[in-house]
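Peer 1: Read off the chains here:
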Amino acid sequence: MDIVLQNIVNGLCMGGIYTLVALGLTIIFGILNIVNFSHGQFYMLGAFATYYVESLLGLPYLLAIPVAFVVVGALGVISEQILLRPVRFREGHLPGVMVTYALMIILGYLALIVFGPDPRRIDSPFADKTIELMSVFITQQRLIIILFSVLFVLGFNSFIKRSRFGRAIRAVALDKNTAALMGVNVNLVYQTTFGFGCGIAAVAGALLGPVLSMDTNMGHMAIMKAFIVVIFGGMGSVMGALAGGMTLGVVESLTAAYVTTAFKDVFGFGLVIIVLLFFPNGLTGKRLNK
Amino acid sequence: MKLSRKSIYGMILVFAFMGLETISGSMAIAADTVKIGMIFPVSGKVAYDGQAVVTGANAAISYINEKGGILGGRKVELDLIDSVCQPAQAVSAAKRLIAQNDTKVIIGDFCSNATSALQQVTEESKVVLITPVAVSPMLTERGAKLFFRNNSTSAMHSKTFSNFVSKVLKLKTIALIVKNDEYGQLETKIYSQLYQELGNPKVVYSGFFGSADVDFSAQLTQAKSMKTESIYIVAQTEQGANIIKQLRNLGMTNVKILGAGALFNPKLVELVGEGAEGMYVYTGYDPSAKNPGMKLFIEEFPKRSGKECGLYEAMGWDTMLILANAIDKAGTDKDSAKIADRLRQSQFDGPRGLITFDGNGQAQITTKIVQVQKGKFVRVY
Chain A
1 MDIVLQNIVN GLCMGGIYTL VALGLTIIFG ILNIVNFSHG QFYMLGAFAT YYVESLLGLP
61 YLLAIPVAFV VVGALGVISE QILLRPVRFR EGHLPGVMVT YALMIILGYL ALIVFGPDPR
121 RIDSPFADKT IELMSVFITQ QRLIIILFSV LFVLGFNSFI KRSRFGRAIR AVALDKNTAA
181 LMGVNVNLVY QTTFGFGCGI AAVAGALLGP VLSMDTNMGH MAIMKAFIVV IFGGMGSVMG
241 ALAGGMTLGV VESLTAAYVT TAFKDVFGFG LVIIVLLFFP NGLTGKRLNK
Chain B
1001 MKLSRKSIYG MILVFAFMGL ETISGSMAIA ADTVKIGMIF PVSGKVAYDG QAVVTGANAA
1061 ISYINEKGGI LGGRKVELDL IDSVCQPAQA VSAAKRLIAQ NDTKVIIGDF CSNATSALQQ
1121 VTEESKVVLI TPVAVSPMLT ERGAKLFFRN NSTSAMHSKT FSNFVSKVLK LKTIALIVKN
1181 DEYGQLETKI YSQLYQELGN PKVVYSGFFG SADVDFSAQL TQAKSMKTES IYIVAQTEQG
1241 ANIIKQLRNL GMTNVKILGA GALFNPKLVE LVGEGAEGMY VYTGYDPSAK NPGMKLFIEE
1301 FPKRSGKECG LYEAMGWDTM LILANAIDKA GTDKDSAKIA DRLRQSQFDG PRGLITFDGN
1361 GQAQITTKIV QVQKGKFVRV Y
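Keeping their order, the protein sequence lines are chains A and B.
Letter by letter, the first sequence follows residues 1 to 290 in this note's numbering.
Letter by letter, the second sequence follows residues 1001 to 1381 in this note's numbering.
If you are wondering where the hints come from, they were derived from the structure by calculation, not from laboratory data.
Bear in mind that the values here come from a model prediction, so they are computed numbers and not experimental data.
Keep in mind that the hints are not guaranteed to be accurate.
Pairs of lysine to aspartate or glutamate, EDC-like flavour, derived with a Cα cap of 20 Å [unchecked claim]: (1) B:K1307 to A:D118; (2) B:K1374 to A:D128; (3) B:K1256 to A:D128; (4) A:K129 to B:E1277; (5) B:K1338 to B:D1328.
Sequences and hints are given; from them, build the entire structure.
Peer 2: Quick look at the structure:
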């Protein structure tokens, strides 16, 4: 019995990890309608920012995370203004895809040149502290990841629904031209949303760095699963990212434990295909392109 | 079709660059250096380990050139092309080297699948190919005449290692956590068979993982539920480090860890910390060896590269020295048959001890077993 429980807890941990990586991606897509291929690189940069803030400035882990959020978020704002602003009013997803894809490649190679290929380890005081409950083991770091994902989704949802700026964001997501006519500062919404999405990617990198592999390649691995989670949960919905991430994590963990570990991804991706057959807009069923 | 002024300027720029590249290419050929091609992953998933081998090779070149070069004073030069360990990229790189630079000697690749693809091209074009790493036994079993492997295969290591596990450690149960590729599948097959023949340990679980996986909780939880006494891990440095961290975090604090050769890496100990303590790994490279080849490596490598000595660095270092020696003795850098002949006769003392090659181009290197003790690898067998 404890083995079943352990497998479910493992799955929830993985789910938290998937959710965390997918959050920024789904926010940027849902609001700005940009498929951000460079998301994985901002995630990677977040991990490296945390690593360097910790090792060079000597700040403690919990303070290094907000610094990484600000630094990478600012980089996101700059990228948006320089690279994405010119294609903002172009039709369709393709211009945005081209720009962010190029950005992904450039950031990836720049990181390889600047940081080198060495794997690193972010020191977190929670990484190796294990909690044991009814012979189920979980590290504090993983618990933090799950809690952060859930709390973030709840917080972000109420911010979007209740606050004034949240309303402006929803207006832009619905129709940017009309929103601009109504006096919404569209440029500000684009800047903040893109920067915030990148910043959240950085937080994901900072939280996952101590748990998973950390090197300049980590973004590529992460973004594959993040795309799956976003499509699975419903493009552009944070609630969907949480539901999608958690389902994927648990399904993967249970099939790996009780069917075979060799083709873990087959079951995860198979599930996504089945869900999309019946719910073409993902679990949360948000309509595409509104 | 109408061209705007901008796009015409753009095209001119592109052509100018292409011209520059050809000029620099032909200039390099004109210079009287011995060119050795190297097709290796320096970006992508195995970039870290790949770059370590390249660093080793470059340090060896700097050493050779300082000693006066080869073939009567000619300097050695490396033509490095990134293969990302992908067969298609490796093949196009080889074709480029052979067609453009008339390369006759190539070092490559890291991964077995890319090496296998390379082998077909080099055999056809009569080019010597030597891999410092790739471990699939198939590579030396095809009768390729110009192919060499300067590394032991998994099968060669497995005799010594399984004996050690069964007779010296006297383990009763073992779980295998293995990468789901050709190398991992082969290791699983070899060790399951050997342990059955030896009588112990009993393989209680075999779990596979993918090359992009970062979480191994499912496999490790299963291994734990079988109450295994030890775990054998087949993985590269980063995934290996994660596996060890995660198994310790799942409460398997007393399980003995055994690692395949790729886990023999100080970086792994640095990444894992205390969790790696007591791990056994087999290797061809013993950092505490005292032979002259090892002494030279320890003396020369760090000051030429600014890096610490390690297994992959040693592989790059001795592969380059062996090659340079063979080319020098063959008296030519253009006759691949002569160079291959000299390689087969070579008796080289390097950081991995004495290395000779058999008729199939397979290097003969003694297997050593090391253990992590207080954060350092110490030879125990």
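Peer 1: Hints first: check each against the structure and report whether it holds.
Peer 2: Hints and how they fare:
no.	hint	in the structure
1	B:K1307 to A:D118	12 Å, holds
2	B:K1374 to A:D128	19 Å, holds
3	B:K1256 to A:D128	19 Å, holds
4	A:K129 to B:E1277	18 Å, holds
5	B:K1338 to B:D1328	11 Å, holds
Comparing the model with each earlier hint shows no violations; every hint is respected.
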